[in-house]
Amino acid sequence: MDSRTEAEFAEFMHGRWPALVRLGYGLTGDERLAEDLARAALAKAYASWPRVLRAGDPDVYLRRIILNASLGKVRRRRGRERRRGDEPEPETAQLARADDDRPALVKALMQLPVGQRSVVLLRYWMDMTEAQVAAVLGCSVGSVRSQASRALASLRVGEDVAEEVLL
Amino acid sequence: MSIVDERDLRQQLDGVLDAIMPPDAPVRAAARKGKLIQAGRSLGVVAGLAVVAGIGVGIPGLLNQPAREVSHARPMVMVEQSCGTAADGVREITGSPAPVAGRTEPLSALQAAGGRPATELAAGGCAWLKP
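Each protein sequence line maps, in turn, to chains A and B.
Numbered per the numbering used here, the first sequence spans residues 1 to 167.
Numbered per the numbering used here, the second sequence spans residues 1 to 131.
By construction, these hints were calculated from the structure, which means they are not laboratory data.
One or more of the hints may lead you astray.
Said to hold, decoys possible - Here are the simulated distance ranges between beta carbons: (1) Ser143/A x Ser2/B: 34 to 40 Å; (2) Asp30/A x Leu49/B: 38 to 44 Å; (3) Arg156/A x Gln38/B: 30 to 36 Å; (4) Pro58/A x Met21/B: 21 to 27 Å; (5) Gly56/A x Leu36/B: 22 to 28 Å; (6) Asp5/B x Ser143/A: 19 to 25 Å.
Because the structure is a prediction, the values reported are computed rather than measured.
Glycine included, C-beta positions come from ideal geometry on N, C-alpha and C.
Could you put the whole structure together from the sequences, leaning on the hints where they help?
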């Protein structure tokens, strides 16, 4: 990468960094983990920067890296649990704890399957269209629609449950 | 708290996520790690090419190996029984004795062991070779 491209990369990343970390936080519910995910996404983007630029939409690429990394984390954790012979925890198992001072919405998000969580964040926080969300997640528009609908329903019910757990 | 509708969810998400104030973007560290990833990929490509080249050189060499010379010496077979079924550890020879060419032993040794050369087998007899 020549110095001009490096400068372009740096400028692009400075602009995207906060949104990437926030997306990571929405996916993991953990600020430190969110920064790790965002940092890994930057490194991968750097390694493939010319190809990322040629593909036309670097933002889609970055979001996809973060979402895949988040999905990969869930799969790895399940794999570890299976190897240990433990009963696999549901991916929604970050249940509200009494010492959990995260906002109620984050706790509710963590109870959603990671796919629904991704749809909620892309669709309702990043204001992407259903087609854009489908492109990032590599699924159909119909799937995005149904996941969004299920997520909304769960959030309406789930929050009440989370509040009851805390009481 | 409760979520009323999509608009409400958007507002709540904005409120929660915009409150996160990340530190400065670690662009330099990311670039360093990115270079490591690039180096790893290049190494992988080189290793892959080396494997392909090795296969390209090795396989024709193996295929073009000269055929092993077949001994034309007349094979001799130890005959233990003249008929009957094979005992454990004994293999029956059918047809030409050529397949056992590699097991030839000096005639004197065979004779000393009480055997007879295959060529002396009577018609209808069974030849047996010690494993």
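*Check the following: the C-beta atoms of Asp5/B and Ser143/A are separated by a distance inside 19 to 25 Å.*
holds (22 Å)
*Range hint 34 to 40 Å (beta carbons of Ser143/A and Ser2/B) holds or violated*: Because 27 Å falls outside the window, the suggested range is violated.
*Kindly confirm whether 38 to 44 Å is satisfied by the beta carbon distance between Asp30/A and Leu49/B.*
With Cβ atoms ~41 Å apart, the hint holds.
*Regarding Arg156/A and Gln38/B, is the given constraint of 30 to 36 Å on their beta-carbon distance met?*
violated (46 Å)
*Within 21 to 27 Å or not, the Cβ separation of Pro58/A and Met21/B?*
holds (23 Å)
*Outcome for the supplied range 22 to 28 Å, where the beta carbon pair is Gly56/A and Leu36/B*: holds (26 Å)
Checked against the numbered hints given earlier, this structure breaks hints 1 and 3; the rest are met.
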